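There are 2 protein chains.
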Amino acid sequence: MQVIRQYIEEHKQRMLDELFDLLRFPSVSADPKYKADVLKTADYTAAKLREAGADNVEVCQTAGYPIVYGEKIIDSTKPTVLVYGHYDVQPPDPLELWETPPFEPTVRDGKIYARGACDDKGQFYMHVKAFELMMQTNTLPCNIKFMIEGEEEVGSNNLGIFVKGNRERLKADVVLISDTSMLSMETPSLETGLRGLSYLEVEVTGPNRDLHSGVYGGAVANPATILSKMIASLHDENNHITIPGFYDDVVELKDSEKDALNSAPYNEDEYKKDLGIDEVWGEKGYSTFERTGTRPTLEVNGIWSGYIGEGAKTVLPSKANAKISMRLVPNQGSDKITQLFTEHFSRIAPPYVKVKVTPHHGGEPVVTPTDSVAYQAAQKAITEAFGVEPVPTRGGGSIPIVALFEAELGVKTVLMGFGLDSDALHSPNEKYDIFNYYKGIETIPLFYKNFAALS
Amino acid sequence: MQVIRQYIEEHKQRMLDELFDLLRFPSVSADPKYKADVLKTADYTAAKLREAGADNVEVCQTAGYPIVYGEKIIDSTKPTVLVYGHYDVQPPDPLELWETPPFEPTVRDGKIYARGACDDKGQFYMHVKAFELMMQTNTLPCNIKFMIEGEEEVGSNNLGIFVKGNRERLKADVVLISDTSMLSMETPSLETGLRGLSYLEVEVTGPNRDLHSGVYGGAVANPATILSKMIASLHDENNHITIPGFYDDVVELKDSEKDALNSAPYNEDEYKKDLGIDEVWGEKGYSTFERTGTRPTLEVNGIWSGYIGEGAKTVLPSKANAKISMRLVPNQGSDKITQLFTEHFSRIAPPYVKVKVTPHHGGEPVVTPTDSVAYQAAQKAITEAFGVEPVPTRGGGSIPIVALFEAELGVKTVLMGFGLDSDALHSPNEKYDIFNYYKGIETIPLFYKNFAALS
Numbered sequence: 001m002q003v004i005r006q007y008i009e010e011h012k013q014r015m016l017d018e019l020f021d022l023l024r025f026p027s028v029s030a031d032p033k034y035k036a037d038v039l040k041t042a043d044y045t046a047a048k049l050r051e052a053g054a055d056n057v058e059v060c061q062t063a064g065y066p067i068v069y070g071e072k073i074i075d076s077t078k079p080t081v082l083v084y085g086h087y088d089v090q091p092p093d094p095l096e097l098w099e100t101p102p103f104e105p106t107v108r109d110g111k112i113y114a115r116g117a118c119d120d121k122g123q124f125y126m127h128v129k130a131f132e133l134m135m136q137t138n139t140l141p142c143n144i145k146f147m148i149e150g151e152e153e154v155g156s157n158n159l160g161i162f163v164k165g166n167r168e169r170l171k172a173d174v175v176l177i178s179d180t181s182m183l184s185m186e187t188p189s190l191e192t193g194l195r196g197l198s199y200l201e202v203e204v205t206g207p208n209r210d211l212h213s214g215v216y217g218g219a220v221a222n223p224a225t226i227l228s229k230m231i232a233s234l235h236d237e238n239n240h241i242t243i244p245g246f247y248d249d250v251v252e253l254k255d256s257e258k259d260a261l262n263s264a265p266y267n268e269d270e271y272k273k274d275l276g277i278d279e280v281w282g283e284k285g286y287s288t289f290e291r292t293g294t295r296p297t298l299e300v301n302g303i304w305s306g307y308i309g310e311g312a313k314t315v316l317p318s319k320a321n322a323k324i325s326m327r328l329v330p331n332q333g334s335d336k337i338t339q340l341f342t343e344h345f346s347r348i349a350p351p352y353v354k355v356k357v358t359p360h361h362g363g364e365p366v367v368t369p370t371d372s373v374a375y376q377a378a379q380k381a382i383t384e385a386f387g388v389e390p391v392p393t394r395g396g397g398s399i400p401i402v403a404l405f406e407a408e409l410g411v412k413t414v415l416m417g418f419g420l421d422s423d424a425l426h427s428p429n430e431k432y433d434i435f436n437y438y439k440g441i442e443t444i445p446l447f448y449k450n451f452a453a454l455s
Numbered sequence: 001m002q003v004i005r006q007y008i009e010e011h012k013q014r015m016l017d018e019l020f021d022l023l024r025f026p027s028v029s030a031d032p033k034y035k036a037d038v039l040k041t042a043d044y045t046a047a048k049l050r051e052a053g054a055d056n057v058e059v060c061q062t063a064g065y066p067i068v069y070g071e072k073i074i075d076s077t078k079p080t081v082l083v084y085g086h087y088d089v090q091p092p093d094p095l096e097l098w099e100t101p102p103f104e105p106t107v108r109d110g111k112i113y114a115r116g117a118c119d120d121k122g123q124f125y126m127h128v129k130a131f132e133l134m135m136q137t138n139t140l141p142c143n144i145k146f147m148i149e150g151e152e153e154v155g156s157n158n159l160g161i162f163v164k165g166n167r168e169r170l171k172a173d174v175v176l177i178s179d180t181s182m183l184s185m186e187t188p189s190l191e192t193g194l195r196g197l198s199y200l201e202v203e204v205t206g207p208n209r210d211l212h213s214g215v216y217g218g219a220v221a222n223p224a225t226i227l228s229k230m231i232a233s234l235h236d237e238n239n240h241i242t243i244p245g246f247y248d249d250v251v252e253l254k255d256s257e258k259d260a261l262n263s264a265p266y267n268e269d270e271y272k273k274d275l276g277i278d279e280v281w282g283e284k285g286y287s288t289f290e291r292t293g294t295r296p297t298l299e300v301n302g303i304w305s306g307y308i309g310e311g312a313k314t315v316l317p318s319k320a321n322a323k324i325s326m327r328l329v330p331n332q333g334s335d336k337i338t339q340l341f342t343e344h345f346s347r348i349a350p351p352y353v354k355v356k357v358t359p360h361h362g363g364e365p366v367v368t369p370t371d372s373v374a375y376q377a378a379q380k381a382i383t384e385a386f387g388v389e390p391v392p393t394r395g396g397g398s399i400p401i402v403a404l405f406e407a408e409l410g411v412k413t414v415l416m417g418f419g420l421d422s423d424a425l426h427s428p429n430e431k432y433d434i435f436n437y438y439k440g441i442e443t444i445p446l447f448y449k450n451f452a453a454l455s
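Line by line, the protein sequences are chains Z and D. As numbered in full-length UniProt numbering, residues 1 to 455 make up the first sequence, in order. As numbered in full-length UniProt numbering, residues 1 to 455 make up the second sequence, in order.
Next up, chain Z with everything else stripped away, as it sits in the complex (with noise of 0.2 Å):
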């Protein structure tokens, strides 16, 4: 370990530099307009691959943006580890909440602000730049492949065709992925599980034009009404989904696992503190850490209808529009619950209006075993490098392409993430504490040191 920490204390300016630029891309592969700077982000992802040592270092083309490949084989009977992240990032939106510019990296408080500091960018260059310590202190161990793909944000709707298409070249015996949080440096842990993803959007038309609300307002269904009424049946007092079949595969946590999951620290004062929030409010029976762990949601994630400008505009609008998603768990199926929530909806919809329902990229939940050898080899690598025993957690959001490297090429992911709550991931004014960087690019090195000791 002091090999690796000398090291980060000789190279750490080199290596935020090198962090800083990446960020400066506005890589928001959700909106066109920033097609270059998406494509100049992979290219950048490449060099600094092949600066590292990386062998084959490619720009796969796409039907979207590329992935970015690079490895390095030491020994084809060493085990491989293939290493996935992603170089593209969120709309920075809206920019009026940014305390500086979302792509010039500025640091307050030993925290890097940007888009991307900590989602993806800054969690998957700390695997290059780890890749970088262990070549340059002759310590790697295994066999290395990097997948670094740009568009994560937009439902990664080309990495399925990618991966069936390169199975030889990504043959691995592990998936190690930094997209996640620990609860604290402090309280170092690891995520034994995701939940999966269904995202739809709907549409609810009433009449074939927007309306004088005067004119027609009593006479006919106003579609903003209607869409509030159905989204408002969704969820019982209780804050249980009520789409009928919903929860059927759900499994539920045996007791020994509840009480793990409940051992972490949790503040609800600090909690809802933190949020601006009197009160914290989820389904009745579980607690926070359940309920965004274990238990499956239903979230409105946009809605509009109508006039949004400014002032006041007496309309009774056509359409109403909203985009939906559910997270999922074990043994929900993705398909399965879109299926459900769009027959639900159509048939919920009153004959005043028509309903259309579009869904969007999905993902399936998953749970990392904690018996397996690689979960023992980051078990073990955060043990040496925080002091302490990681606290094993289930993620509330999801990484839809762990399910796909898992069909697709028989292996298992390892989700070592070394972000925080704090970090305002997918918010204005997203940030990655400096500390945080450099432990991780610490404890991927013993990662590997045990993944090969244990294999």
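Quick caveat, the hints were computed from the structure, so don't treat them as lab data. Possibly wrong hints are sitting among the right ones.
One copy or two, either will do: identical chains are not told apart, so a pair holds if it fits within one copy or between any two.
Simulated pairs of lysine-lysine, DSSO-like, Cα-Cα distance not exceeding 27 Å [stated by the list, open to error]:
no. : residue 1 : residue 2
1   : 272       : 354
2   : 284       : 354
3   : 356       : 273
4   : 78        : 164
5   : 356       : 272
6   : 354       : 273
7   : 78        : 439
8   : 254       : 412
Small disclaimer: the values here were computed from a predicted structure and weren't measured.
Based on the hints, put chain D in the right spot on chain Z.
Below, chain D alone, put in the same frame as chain Z:
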């Protein structure tokens, strides 16, 4: 009447060209970027009044957009008619739904398509041409005063101040307004009442920032869902508004009044076909005409929260907003209803969110007595021009200034409009039938003849 029809025939093209020029000004009062255009429209209106023969024409400054005044006093012992109209128009958005540009008047199938074609330029300009006609044929039997404002679509905030500061100048025996519609040209009608208006914006705030819906979904209340539930609760299953005290001051129609109202032709199949809906929907126990003319309503005019752009973004939004308006009937009071709504909406908010309610402009409901000289004059004029007596109707829309005129000038208003429900006010592809435009110019001088005779 022959004199009237002859004059129109001789000058019809010019009358249409002048209206087209008026329609070309994008006089959108709600959006400051059109300020210069709004002011030019006021000047154009003043110029046309002068050309028609008005004296003392003035573009009167206010704290907002100017009010155009003009008059012709023929004999101080004769009755005086005060004509009100507005030269500002609704915003044209959504632009992509217009077949031809909103400020390039285009004729299709005998209809003029443009924003403001009916509301209110086509309608108020009929009065300018009718005035010109009476001047040129020497048949003006009353004094006439014009008051054409530029802020009706944004609440006429400066009209009250102008009226109170110009009581002498505006002294009149009746106010005449064309800003409403008839059932059809085969079944002409005359408004006997208008609904009032209460308009508010609501904002529901949950967490102090947008959150990642995976990390937090299930643990905290989602403002979009909460707002949906609150909106959903405002109507019960009979579409009756649930705000306590809301209906206290509503005066039910006498059976004879209901019969008169429901005697107007109504073909529900055509109504539904025109709007593209399978079913109408409204307050149980009332017919469509009763629902829009005599019952108060509550409509969501706009709602927005979270991510509403292209693609998927898994955000748990910090805020959810809506624009809500209520149409009122005698004897509901606008301020009282605004207060009731504000108290109720704040009260039903659960403890997981904070609610802010911001009132916009309102207006009182009005009824015009059918036995008044003014109403009789209009009824007779329409009978003469159309060959059939007009059906008395109750308008669904609001013209708040009508109550203002009664309160501040002590005069009743006659609402003699020539629009049609199909004119798509406040919507894309607003239009005004050329037939209706000329029919109005023909009918208005008959009103003056009758009003002078009956007074």
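Each hint tested on the structure:
For the identical chains of this complex, residue 272 and residue 354 are inter-copy neighbours only, at 14 Å across copies versus 40 Å inside a copy, given an alpha-carbon limit of 27 Å. In this homomeric assembly, residue 284 and residue 354 come within 27 Å of each other (Cα to Cα) only across copies, at 22 Å, whereas the closest approach inside a single copy is 33 Å. Taking CA atoms no more than 27 Å apart as the test, residue 356 paired with residue 273 passes between copies only; the shortest distance there is 20 Å, against 39 Å inside one copy. Taking the shortest Cα distances, residue 78 and residue 164 sit within 27 Å of each other inside one copy (23 Å), while across copies they are farther apart (91 Å).
Taking identical chains as interchangeable, the C-alpha atoms of residue 356 and residue 272 lie at most 27 Å apart only when they sit on different chains, with a minimum of 20 Å there against 37 Å within one chain. Proximity of residue 354 and residue 273 under a CA criterion of 27 Å is satisfied inter-copy only: 14 Å between copies versus 42 Å inside one chain copy. Taking identical chains as interchangeable, the C-alpha atoms of residue 78 and residue 439 lie at most 27 Å apart only when both belong to the same chain, with a minimum of 26 Å there against 92 Å between chains. When the C-alpha separation of residue 254 and residue 412 is checked against a cutoff of 27 Å, the pair qualifies only within one copy, where the shortest distance is 22 Å, while the shortest distance between copies is 76 Å.
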